[in-house]
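Quick mapping for you: the protein sequence lines, in order, are chains A and B.
Every letter in the first sequence is one number past the one before it in our numbering, and letter 24, counting from 1, is 24.
To convert, count from 1 in the second sequence and add 164; that's our numbering.
Simulated from the structure, these hints should not be mistaken for laboratory data.
Each residue gets a CB set at the ideal place from its N, CA and C atoms; glycine is no exception.
Mixed in with the good hints, there may be bad ones.
Using 25 Å as the maximum straight-line C-alpha spacing, the simulated SDA-like pairs for lysine to any residue come out as follows [stated by the list, open to error]: (1) B:412 to A:57; (2) B:329 to A:55; (3) B:387 to A:161; (4) B:329 to A:65; (5) B:437 to A:80; (6) B:388 to A:93; (7) B:437 to A:111; (8) B:329 to A:111; (9) B:412 to A:58; (10) B:437 to A:151; (11) B:329 to A:107; (12) B:426 to A:99; (13) B:387 to A:146; (14) B:388 to A:55; (15) B:388 to A:161; (16) B:329 to A:106; (17) B:329 to A:68; (18) B:437 to A:68; (19) B:437 to A:107; (20) B:412 to A:56; (21) B:329 to A:99; (22) B:437 to A:63; (23) B:388 to A:38; (24) B:387 to A:95; (25) B:412 to A:80; (26) A:5 to B:388; (27) B:437 to A:15; (28) B:426 to A:56; (29) B:437 to A:94; (30) B:388 to A:63.
Here are the in silico distance ranges between beta carbons for each label pair [to be verified]: (31) A:153 to B:700: 57 to 63 Å; (32) A:18 to B:432: 36 to 42 Å; (33) A:162 to B:563: 50 to 56 Å; (34) B:455 to A:13: 41 to 47 Å; (35) B:510 to A:127: 38 to 44 Å; (36) A:153 to B:510: 36 to 42 Å; (37) A:13 to B:439: 31 to 37 Å; (38) A:162 to B:700: 56 to 62 Å; (39) B:700 to A:78: 40 to 46 Å; (40) B:429 to A:162: 35 to 41 Å.
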Amino acid sequence: MVLIKGRQVVADSWRHLDDSDPLPATGAVTISWERWTVERGTIARPRAQLGLRIPNTVTTAVIGADADHCGLIAVAFPNFGDGRAFSQARVLRSQYGFRGEIRATGNVLRDQLQFMERCGIDAFEVPERALTEDWLAAFSEFDLFYQPAADSRPWIARQRAGRN
Amino acid sequence: MYRYDEFDRRFLDERVAQYRDQVRRRLAGQLSEEEFRPLRLRNGLYLQLHAYMYRIAIPYGTLSPAQLRMLGHVARKYDRGYGHFTTRQNMQFNWIKLDESPDIMADLASVEMHSIQTSGNCIRNTTSDPFAGVADDEIEDPRPYCEIIRQWSTLHPEFSWLPRKFKIAVSASKKDRAAVHVHDIGLYLVRNAEGEVGFQVLIGGGLGRTPIMAKVLREFLPKKDLLSYLEAALRVYNEYGRRDNIYKARIKILVQSLGIDKMREAVDAEWAKMDHTPLDLDNETVRAIIAHFAPPAYAAVGKDDDAVFQAAVASDRKFARWMKYNVAHHKQPGYAIATVSLKPLGTPPGDITAEQLDLLAELSETYGFGEVRVTHEQNVVFPDVRRSDLPAFYNALAAAGLGTANIGLASDIIACPGLDYCTLANARSIPVAEKLGEHLADREEEVGPMKIKISGCINACGHHHVGHIGILGVDKNGEEFYQITVGGSADEQSAVGGIVGRAVSSDQVNDAVDKLLDVYVRMRCEGEDLPATYRRVGPEPFKEAVYGAH
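Looking at chain A on its own, in the form it has when it is part of the complex (with noise of 0.2 Å):
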């Protein structure tokens, strides 16, 4: 695996946890959400060393209300054509306000990056072959959009208004 973040190839700070894997007294760590769950009462650590692995299927209002808590949260995409992390990254981002990264693992493809950053994914674990297929460029394959999203990008419609 390759980590991508602010478009470039970049070294993992962050140690993942098996459950089983005792919870060391500093570093950045992220554990699962089944964890997280049964831990959270004894968990004390600041934000920027706690991430959260978060399955698909745990609704937005549920993590949404744990997200200050942590300075990381990964998003799953199981499989390419599962995109409920594209909404659990928009909401957190929108509704939340939700600043710190959020990370897309699993069945990571480079014709959804674009999509990904735009719901306010911000890193992306990739397979290995990224690096030689350039999936850097594909981040910048649209720069127009017809719809607003988590990002601070413009889109169509605003720039027509302002045009005119």
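Position chain B against the provided structure of chain A, taking the given hints into account.
Relative to chain A, chain B alone:
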């Protein structure tokens, strides 16, 4: 009609470039077929029995002469000289090569056409009333709102990977010519008690293996809120729609399992949480889109117009018949709405040749203002023909084999492509439609308005559930059989037809339909269509007629 501006053009160029690169990566082996499939589907390319099928969007059915000619060009250059209008205001070509598909897309882009989201689990082409802007019963022209929905839904980043496909239709009035009740979301333009125009929103309609009529989600939605409310409904569907079973994944199943009241609560709750501001439709934006659909410069009625027309009716029986069935009332005095039948006897419903496409382009410039509409019943509407031009227009059509006078009659059959083309089909549709149409032609005037719809499998692309008479192809031990339903309707009285009895073989279809029509003709009251008679007398007389003798 809507014309692209520089934004629309540049956007489409970007899409063509993206698709060209996807095809290149596929041919270079960088993408597996499994990875490529959802990408090509979102550009309208299906792999069928014999070749790739390419489905092109015709937003709310509207085509310009340049677009008609381009479809003719595509038919000649990339296909076998003909195309097929579908039941959702799209055009399909059936013999396409993958490596040529980016070139077709680029050719289409040159006339402001595309194939974006004509397949895949995303928001599909928005369909509408083919009489939009010219029918005198409409509350307001629906096309500007269809265009607004088209733009909003195009490459929507959040809703491009839904549980299943999502179809939206908009009707200009309660007189429904857009089959709104069988759509995932259906919108009726309505006027509220204060005289304000907005939308009645329906949700959860659809055919397929579980036919369900849409239910009212909201009685009145102000226009300003159109997109934010759609977004709330789509988000609820994306989050809660089933993904474990493709046959249970449409929004109709979600609405059915939650119940319409719970669904409404969920959508309203989501809507309340959202910031509507970015999506609010301001008057300026709406006015700018409406300006694209301004009425053309109609001519005043000439004093001899009616005489020309009456003389032709009196002297030409074929023209008189065509007038009776194919021509509808226009809101502008001196003009008529004429429907060109793509159901000549013995041909596949909805098929059209390159030469006919060219001819329609030319005729739309001579007899109209350069615009035609494709209907979900697979015919082509000329919205603005001067009444005094109707005889000449008819003669031009008839000379090209397009003068069939059967709109709304028994031989005006809707059919899907069926087993002749489609990988999903269980049985052939086209030959059944051809034979049945020929068989019924002699008695169709006696029978009167009649909607016969044929699907080659349970996916119901031929809308058989809502046919007055519906015919469904089924497979029984490798043989093709046809299950017949009666009493269905796709208009504002929408209903799913009842099954008459066990499926019949293809050579028994004509006979069974004859017997159903006999019952209808014998038992109908003045002015009743078949669904009305069926509602009144029930299924028994129909069952008895087809199966009683056995």
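Going down the list of hints, with the structure as the test:
no.	hint	result
1	B:412 to A:57	17 Å, holds
2	B:329 to A:55	23 Å, holds
3	B:387 to A:161	18 Å, holds
4	B:329 to A:65	31 Å, violated
5	B:437 to A:80	28 Å, violated
6	B:388 to A:93	24 Å, holds
7	B:437 to A:111	30 Å, violated
8	B:329 to A:111	19 Å, holds
9	B:412 to A:58	20 Å, holds
10	B:437 to A:151	18 Å, holds
11	B:329 to A:107	21 Å, holds
12	B:426 to A:99	32 Å, violated
13	B:387 to A:146	18 Å, holds
14	B:388 to A:55	35 Å, violated
15	B:388 to A:161	16 Å, holds
16	B:329 to A:106	23 Å, holds
17	B:329 to A:68	35 Å, violated
18	B:437 to A:68	18 Å, holds
19	B:437 to A:107	30 Å, violated
20	B:412 to A:56	19 Å, holds
21	B:329 to A:99	32 Å, violated
22	B:437 to A:63	15 Å, holds
23	B:388 to A:38	44 Å, violated
24	B:387 to A:95	23 Å, holds
25	B:412 to A:80	19 Å, holds
26	A:5 to B:388	37 Å, violated
27	B:437 to A:15	34 Å, violated
28	B:426 to A:56	22 Å, holds
29	B:437 to A:94	10 Å, holds
30	B:388 to A:63	30 Å, violated
31	A:153 to B:700: 57 to 63 Å	58 Å, holds
32	A:18 to B:432: 36 to 42 Å	41 Å, holds
33	A:162 to B:563: 50 to 56 Å	52 Å, holds
34	B:455 to A:13: 41 to 47 Å	53 Å, violated
35	B:510 to A:127: 38 to 44 Å	54 Å, violated
36	A:153 to B:510: 36 to 42 Å	54 Å, violated
37	A:13 to B:439: 31 to 37 Å	32 Å, holds
38	A:162 to B:700: 56 to 62 Å	59 Å, holds
39	B:700 to A:78: 40 to 46 Å	52 Å, violated
40	B:429 to A:162: 35 to 41 Å	38 Å, holds
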